[in-house]
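Undergrad: Letter by letter, the sequence shown follows residues 1 to 93 in full-length UniProt numbering.
Worth double-checking, as some hints may not be accurate.
Capping the alpha-carbon separation at 20 Å, the derived lysine to aspartate or glutamate pairs in DMTMM-like fashion look like this [as the list claims (entries may be wrong)]:
1. Lys-36 to Glu-17
2. Lys-36 to Glu-21
3. Lys-36 to Asp-14
4. Lys-36 to Glu-10
5. Lys-6 to Glu-17
To be clear, the hints were calculated from the coordinates, so they are not data collected in a lab.
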Amino acid sequence: MHESIKLLIESFLDDMENILEGTVGVSQDVINESMKDLRQIFPLFLDRIFNNSSEIEELEKRTDDYSYLSSCCEYRDPDLDTKKDISLKKRKI
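Model the full structure from these sequences, guided by the hints.
TA: Here it is in structure tokens:
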């Protein structure tokens, strides 16, 4: 499974490089440097994910926390008497 994901990402990076090459105003030097960086980063990222399942669980927990943080509630400003949407903020004690 890991190999198929790596191949999928390589295919994605190839497609991305082709799109960038067809974009007007993007120099070949910028494309080459960006793709070089991405091709170095993705394998490290994948290795870290596949070798550290506890980190995946922590990442999933953070994603759940983010969903909580991004939920909104209705707030009425007593001074202005208008309704505003504000994000709930989770505080760690």
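Undergrad: Determine for every hint whether it applies to the structure shown.
TA: Results for each hint:
Distance check on the hinted pair: Lys-36 and Glu-17 sit about 10 Å apart at the alpha-carbon level, within 20 Å; holds. The straight-line distance between the Cα atoms of Lys-36 and Glu-21 is roughly 14 Å, inside the 20 Å bound, and the hint therefore holds. Restraint check for Lys-36 and Asp-14: the C-alpha separation of about 11 Å stays at or below 20 Å, so the hint holds. Taking the CA atoms of Lys-36 and Glu-10, the gap is about 12 Å. The hint holds against a cut of 20 Å.
Our distance criterion of 20 Å between C-alpha atoms is met by Lys-6 and Glu-17, whose separation comes to about 16 Å.
Checked against the numbered hints above, the structure violates none of them.
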